[in-house]
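Student: In case you want the letters, here they are:
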Amino acid sequence: GQNIDQPTEMTATEGAIVQINCTYQTSGFNGLFWYQQHAGEAPTFLSYNVLDGLEEKGRFSSFLSRSKGYSYLLLKELQMKDSASYLCAVRALYGQNFVFGPGTRLSVLP
Amino acid sequence: GAVVSQHPSWVICKSGTSVKIECRSLDFQATTMFWYRQFPKQSLMLMATSNEGSKATYEQGVEKDKFLINHASLTLSTLTVTSAHPEDSSFYICSARDRRDRVWTDTQYFGPGTRLTVL
Chain A
1 GQNIDQPTEM TATEGAIVQI NCTYQTSGFN GLFWYQQHAG EAPTFLSYNV LDGLEEKGRF
61 SSFLSRSKGY SYLLLKELQM KDSASYLCAV RALYGQNFVF GPGTRLSVLP
Chain B
1001 GAVVSQHPSW VICKSGTSVK IECRSLDFQA TTMFWYRQFP KQSLMLMATS NEGSKATYEQ
1061 GVEKDKFLIN HASLTLSTLT VTSAHPEDSS FYICSARDRR DRVWTDTQYF GPGTRLTVL
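If you're matching them up, the sequences are chains A and B in order. Residue 86 in our numbering sits at position 86 of the first sequence, and the numbers go up by one each step. Residue 1093 in our numbering sits at position 93 of the second sequence, and the numbers go up by one each step.
If you are wondering where the hints come from, they were derived from the structure by calculation, not from laboratory data. In this text the structure is predicted, and so the values were computed from the model without any measurement. Be a bit skeptical, because a hint or two may be false.
Unchecked claim - Here are a few chain A residues that sit away from chain B, every Cβ distance over 12 Å (derived from the structure):
| no. | residue |
| --- | --- |
| 1 | Asn-21 |
| 2 | Asp-52 |
| 3 | Ser-83 |
| 4 | Leu-109 |
Unchecked claim - If you want the footprint, here are the derived chain A segments under chain B, 3+ residues with CB under 8 Å:
| no. | stretch |
| --- | --- |
| 5 | 39-48 |
| 6 | 98-106 |
Claimed, not checked - Quick list of the computed label-pair ranges, beta carbon to beta carbon:
| no. | chain 1 | residue 1 | chain 2 | residue 2 | range |
| --- | --- | --- | --- | --- | --- |
| 7 | B | Arg-1100 | A | Tyr-70 | 26 to 34 Å |
| 8 | B | Gln-1060 | A | Ser-107 | 29 to 37 Å |
| 9 | B | Gln-1029 | A | Ala-92 | 18 to 26 Å |
| 10 | B | Pro-1086 | A | Glu-77 | 39 to 47 Å |
The beta-carbon is built from N, C-alpha and C at its ideal position, and this holds for glycine as well.
Whenever a hint applies, use it, and build me the whole structure from the sequences.
Tutor: See the structure below:
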């Protein structure tokens, strides 16, 4: 089966650093994706990991450990506009659909 | 690049009517498009996978006759909600894969979504 787990909600302060965790158990693995979704809008692509390690993109970094079935998204220098839901998605096989986690709603407070 | 559009962005209809939602890849050809449904404060639930020129593959629990999917070209897929009822009210999002993407960069590009309200 496919199971992806994320914390439901998180709160952080503007300027701080926050780490959103994602654990997964899937029948196969061919990549893990992070998306940001503001309320009422479509998800936008943030990052992609297929090999173990850290991928950095500006204020956002994503880490993957395939042996542990674990990933995290790290957001630095938080801004108010970062308040959104963050979705972790796993692709079991290349070319196949993604399985999305429940999403983590992040609230950034002043 | 990699822009996906959806039309309409929102629609209100009466119970029992049918609604068609279009998903277009504007600057790339999409071999595969996906249709998702998202209820408030919930994650995306895949409804079906649409491949150009072939029948869509529906996820378990999704009625094929109620949610008709047509993928007539490499840039257009349509979802028709037939005989819509209030419980079909939701946010419908499509995504597309770029046929040029290589294995390591393959991702899905999402449309802006269509909010359907059935009265």
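Student: Decide, hint by hint, whether the structure agrees.
Tutor: Status of each hint after checking the structure:
| no. | hint | verdict |
| --- | --- | --- |
| 1 | Asn-21 | 15 Å, holds |
| 2 | Asp-52 | 14 Å, holds |
| 3 | Ser-83 | 14 Å, holds |
| 4 | Leu-109 | 19 Å, holds |
| 5 | 39-48 | holds (count 7) |
| 6 | 98-106 | holds (count 7) |
| 7 | B:Arg-1100 x A:Tyr-70: 26 to 34 Å | 31 Å, holds |
| 8 | B:Gln-1060 x A:Ser-107: 29 to 37 Å | 34 Å, holds |
| 9 | B:Gln-1029 x A:Ala-92: 18 to 26 Å | 24 Å, holds |
| 10 | B:Pro-1086 x A:Glu-77: 39 to 47 Å | 44 Å, holds |
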